[in-house]
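Visitor: Spelled out, the chains give:
Number of protein chains: 2
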Amino acid sequence: MAKEITPRSTDYAQWYQDIVKKANLAENSAVRGCMVIKPYGFAIWEKIHDQLDRMFKETGHVNAYFPLFIPKSFLSREAQHVDGFAKECAVVTHHRLMNAPDGSGVIVDPTSKLEEELIIRPTSETIIWNTYRDWIKSYRDLPLLINQWANVVRWEMRTRLFLRTTEFLWQEGHTAHATKGEAVEETLRMLNVYAEFAENYMAMPVIKGVKTANERFAGAVDTYCIEALMQDGKALQAGTSHFLGQNFAKAFDVKFLTEDNNQEFVWATSWGVSTRLIGGLIMTHSDDEGLVLPPNLAPIQVVIIPIPKPSPEIDEVVHKIMKNLKAKGITVQYDQDMKNRPGFKFAEHEMKGIPVRLALGQRDLEKNEIEVARRDTKEKFTASLDGIDETVAQLLLDIQENLFQRAKSFRSQKTTKVDTFDDFKALVDSDIPGFISAHWDGSSETEIAIKEITKATIRCIPFVQEEEEGTCIYSGKPSNKRVLFAKSY
Amino acid sequence: MAKEITPRSTDYAQWYQDIVKKANLAENSAVRGCMVIKPYGFAIWEKIHDQLDRMFKETGHVNAYFPLFIPKSFLSREAQHVDGFAKECAVVTHHRLMNAPDGSGVIVDPTSKLEEELIIRPTSETIIWNTYRDWIKSYRDLPLLINQWANVVRWEMRTRLFLRTTEFLWQEGHTAHATKGEAVEETLRMLNVYAEFAENYMAMPVIKGVKTANERFAGAVDTYCIEALMQDGKALQAGTSHFLGQNFAKAFDVKFLTEDNNQEFVWATSWGVSTRLIGGLIMTHSDDEGLVLPPNLAPIQVVIIPIPKPSPEIDEVVHKIMKNLKAKGITVQYDQDMKNRPGFKFAEHEMKGIPVRLALGQRDLEKNEIEVARRDTKEKFTASLDGIDETVAQLLLDIQENLFQRAKSFRSQKTTKVDTFDDFKALVDSDIPGFISAHWDGSSETEIAIKEITKATIRCIPFVQEEEEGTCIYSGKPSNKRVLFAKSY
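Sequence order for the protein chains is A and B.
Anchor point for the first sequence: position 431 equals 432 in the numbering used here, and the numbering is continuous, going up by one each time.
Anchor point for the second sequence: position 15 equals 16 in the numbering used here, and the numbering is continuous, going up by one each time.
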């Protein structure tokens with residue numbers, strides 16, 4: 002089974018596809034660019050959903066649901082937004098089918114043409130701000146801290162499972178505030194929630210920063226992001242949080258009565274992460290044997306395999322172990338399948354990235370022992386059956402931490418300061434380019450020129466860095482800090 | 002506040018709309034027939050979702066996600082299905098917008114016309130069975146027990162918040178089995194899950210039964226349903242579970258290798274409930290003062306109001322009560338708002354249907370007492386502060402049970418055996434017609450004739466009833482059991 006995976010060193014893109022397929026995460030559907038998220042892949046999304054939802058609620062947010070459809074004219078209301086989103090999208094033009102007169106099947110009923118076409122939401126700022134106009138009258142109605150879990154559609158030309166699909170699942174937070182300061186604070190609060198989630202749950206280290214004007218969300222004043230480095234040295238934008246200023250309030254005429262009796266436009270934020278995170282999870286931790294999942298997001302954290310097959314003695318001990326693990330909140334599965342041999346099962350569970358494997362045979366029982374294998378390092382050791390639940394609980398913590406440290410150390414190794422454009426180009430063209438920290442003159446022209454020549458883009462202007470005088474690698478103009486370049490997904 | 006609600010006796014439909022609006026559950030959106038589910042309404046849907054999801058998982062199901070879009074041709078594959086669903090639906094014909102040459106906004110790019118139109122899923126049997134073809138090869142791949150939480154679109158001409166909207170949220174289970182017996186068993190298992198959920202969580206009594214051929218799901222061999230009676234004497238179909246036979250397997254060529262090495266078509270079921278349940282919840286329990294929620298689905302179960310406003314002494318006791326209630330898994334809110342008076346708050350929380358209200362003032366503190374009010378009966382009593390958490394926990398159980406018994410007793414009162422068509426017509430035309438139990442000759446012609454004359458339909462042939470010889474109320478032909486008629490939503 003494992004040998005069907007293309008090694009990462011041979012073809013990283015193919016390896017990625019193999020993992021998604023062999024670990025049963027997702028597949029392409031009959032509809033171009035849309036994926037089917039299979040049960041195991043969806044179980045990971047459920048873990049992501051549940052944890053993020055908890056974090057949103059802890060920070061005072063509530064969920065709501067807005068329509069799938071957006072009237073075409075709404076997209077034109079906000080000048081920048083229309084350029085960014087009124088492009089590749091699914092357009093509903095009719096609302097009825099009818100039997101073909103020649104009996105050949107069904108056809109679109111031409112009399113059912115809509116007066117105004119509807120767009121499947123590519124993002125919901127417009128329909129939501131059109132709704133907020135009625136919800137916000139006074140400062141007493143603010144802040145409005147609302148999140149939505151939904152599907153969205155962006156008609157992508159080149160798609161890749163999880164990373165870029167025509168339809169994807171996401172959450173989009175849309176908040177409304179009385180002051181600029183509060184809105185900026187919210188934008189950063191949610192960026193920090195994303196960073197905390199990425200690092201503590203996905204075990205994926207991220208750089209927090211702000212996007213350049215060029216890479217900003219269409220309609221935002223500022224776009225903040227978390228950027229992660231994948232094993233192939235490309236960056237993944239893992240989440241964005243936008244300070245929208247009063248742009249959407251102005252476009253949809255959302256004003257409120259201030260405490261001192263003035264009418265003012267409302268301040269806005271929006272922020273989102275999507276099923277793309279599953280792509281990031283795969284490309285941060287997995288290896289040539291299959292998926293590697295951090296325990297905090299693994300649908301199954303521990304699998305127990307009877308050697309060579311179930312028996313009443315083994316079953317009895319296994320059920321005791323399972324009971325103790327479950328009491329600790331650990332999800333565990335007992336693989337009682339009779340058709341396959343242990344070796345096959347080992348490979349299968351490695352493929353699925355289950356963090357800890359326990360194997361128990363008759364001889365182990367006699368010695369009061371059990372074999373423990375960890376997926377991240379593939380190390381095996383023998384542990385006493387006494388307190389095995391404690392051993393496993395501690396091991397899960399160790400694996401979570403090890404995955405994070407391993408990814409962080411990879412990122413340090415693959416983050417390079419570069420001071421000349423020749424070095425820059427050489428690095429971008431190398432096998433695993435990574436993050437490139439370089440001086441930039443701050444102009445969009447330079448940014449675009451560098452992108453055209455090298456395909457590398459400015460991923461962000463990191464929050465944390467030293468001020469440092471230097472000269473732009475491309476234009477030679479003065480610069481006072483470095484920005485982070487990379488090729489990206 | 003409360004007086005803005007139209008009394009039920011004046012205009013039930015208007016009362017319903019008032020409740021949905023005043024309790025902040027949902028509202029119509031800018032898109033015809035599509036609703037915005039507001040945070041409080043969505044919180045109820047989250048409770049419904051979470052509980053049903055647990056019950057699905059306990060019965061062995063997993064979640065997955067299939068595309069929003071269905072190629073038009075898929076709908077024609079199953080002969081009955083196409084008649085039922087290839088009618089009023091949203092049709093995507095293009096995938097790009099462009100700036101209008103005259104600068105007037107955006108228009109559909111005519112060059113982006115799709116080769117084959119895509120339908121927004123009205124239900125997902127077709128796209129799912131097209132996918133299952135690749136997933137099911139042998140009996141070892143069966144059963145497949147998959148559920149999806151999703152939005153669906155049916156282009157309705159007349160819509161009503163929650164009860165009938167163009168877009169709605171639902172879950173749809175789609176299972177695949179090796180034998181007919183297993184599939185039938187699954188169909189009934191899920192019907193029972195729905196009934197258990199309706200009765201134990203929604204406190205809404207339901208009748209389980211089978212639909213007539215006429216009311217069957219398009220593509221099903223048999224449709225089972227749970228039917229509930231609303232306060233205005235109309236029935237609400239609250240959930241359906243379909244035995245699909247081999248219809249979709251044949252339409253999408255899904256065969257499997259049996260244990261004895263034959264190729265056979267797979268057996269199927271599908272089952273679903275939707276945001277419509279929230280409409281049922283409202284129309285089962287609520288009154289002229291607002292929403293009434295069963296404790297098991299109330300986002301906030303208990304609200305505490307300081308009389309007349311917060312004070313350090315009151316706050317201290319309230320926080321202790323809250324801590325104890327939370328430890329019992331009870332959700333509680335402390336209304337510390339300083340702007341509104343207790344009377345206003347009382348009305349507001351009644352409107353929202355919070356099951357239990359506690360009110361605590363300085364004089365209560367001195368007497369070591371607290372005022373307890375239950376939303377269902379509007380009774381108030383004074384309880385000791387000692388063990389108030391126990392008192393409240395017990396009261397929540399009582400309210401849950403009382404709501405169920407009250408609805409059940411209403412249903413018994415409003416279920417009438419009728420033996421002549423004149424009595425039938427008179428009853429259907431009365432104020433609160435209710436369920437009408439009558440003999441029917443089993444023919445579609447009779448069923449349709451009765452519907453045309455009276456607008457009443459056969460809600461189901463109940464599972465539980467005595468065999469009884471009689472004659473059809475309409476045709477006078479012999480019949481051996483009664484069926485349940487009603488006007489319905």
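By construction, these hints were calculated from the structure, which means they are not laboratory data.
Hints are not guaranteed to be accurate.
Since the list can't tell identical chains apart, any single copy or any two copies may satisfy a pair.
Calculated lysine-lysine pairs in the BS3-like style (CA-CA distance at most 25 Å, straight line) [stated by the list, open to error]:
#, residue 1, residue 2
1, Lys48, Lys340
2, Lys22, Lys88
3, Lys88, Lys114
4, Lys482, Lys415
5, Lys368, Lys251
6, Lys324, Lys251
7, Lys452, Lys478
8, Lys251, Lys456
9, Lys138, Lys415
10, Lys58, Lys48
11, Lys114, Lys488
12, Lys346, Lys58
13, Lys138, Lys23
14, Lys368, Lys452
15, Lys321, Lys58
16, Lys368, Lys482
17, Lys23, Lys58
18, Lys381, Lys310
Visitor: Now tell me, hint by hint, if it's right for this structure.
Guide: Results of checking the hints against the structure:
1. In this homomeric assembly, Lys48 and Lys340 never come within 25 Å of each other (Cα to Cα): the closest approach is 30 Å inside a single copy and 40 Å across copies.
2. Taking the shortest Cα distances, Lys22 and Lys88 never come within 25 Å of each other, neither inside one copy (31 Å) nor across copies (36 Å).
3. When the C-alpha separation of Lys88 and Lys114 is checked against a cutoff of 25 Å, the pair qualifies both within a copy, at 21 Å, and between copies, at 14 Å.
4. In this homomeric assembly, Lys482 and Lys415 come within 25 Å of each other (Cα to Cα) only inside a single copy, at 19 Å, whereas the closest approach across copies is 77 Å.
5. Within a single copy, Lys368 and Lys251 get their C-alpha atoms no closer than 74 Å, and across copies no closer than 55 Å, so neither meets the 25 Å cut-off.
6. Within a single copy, Lys324 and Lys251 get their C-alpha atoms no closer than 58 Å, and across copies no closer than 44 Å, so neither meets the 25 Å cut-off.
7. When the C-alpha separation of Lys452 and Lys478 is checked against a cutoff of 25 Å, the pair qualifies only within one copy, where the shortest distance is 18 Å, while the shortest distance between copies is 82 Å.
8. For the identical chains of this complex, Lys251 and Lys456 are neighbours neither inside a copy (36 Å) nor across copies (49 Å), given an alpha-carbon limit of 25 Å.
9. When the C-alpha separation of Lys138 and Lys415 is checked against a cutoff of 25 Å, the pair qualifies neither within a copy, at 51 Å, nor between copies, at 45 Å.
10. Taking CA atoms no more than 25 Å apart as the test, Lys58 paired with Lys48 passes in both settings, with 16 Å inside one copy and 15 Å between copies.
11. In the homo-oligomer, the alpha carbons of Lys114 and Lys488 never lie at most 25 Å apart, since the shortest distance is 44 Å inside one protomer and 33 Å across protomers.
12. For the homomeric pair Lys346 and Lys58, the shortest alpha-carbon distance between copies (24 Å) is at most 25 Å, but the shortest distance inside one copy (39 Å) is not.
13. Only between protomers do Lys138 and Lys23 lie at most 25 Å apart by alpha-carbon distance; the minimum there is 17 Å, versus 53 Å within a single protomer.
14. Proximity of Lys368 and Lys452 under a CA criterion of 25 Å is satisfied in neither setting, with 63 Å inside one chain copy and 75 Å between copies.
15. Taking the shortest alpha-carbon separations for Lys321 and Lys58, only the inter-copy value of 23 Å comes in at or below 25 Å, while the best intra-copy value is 36 Å.
16. In this assembly of identical chains, Lys368 and Lys482 lie within 25 Å of each other by CA distance neither inside one copy nor across copies; the values are 62 Å within and 68 Å between.
17. For the homomeric pair Lys23 and Lys58, the shortest alpha-carbon distance between copies (24 Å) is at most 25 Å, but the shortest distance inside one copy (35 Å) is not.
18. Proximity of Lys381 to Lys310 under the C-alpha cut-off of 25 Å is restricted to the intra-copy arrangement: shortest distance 20 Å within a copy versus 63 Å between copies.
Of the hints listed earlier, those the structure fails to meet are numbers 1, 2, 5, 6, 8, 9, 11, 14, 16, in rising order.
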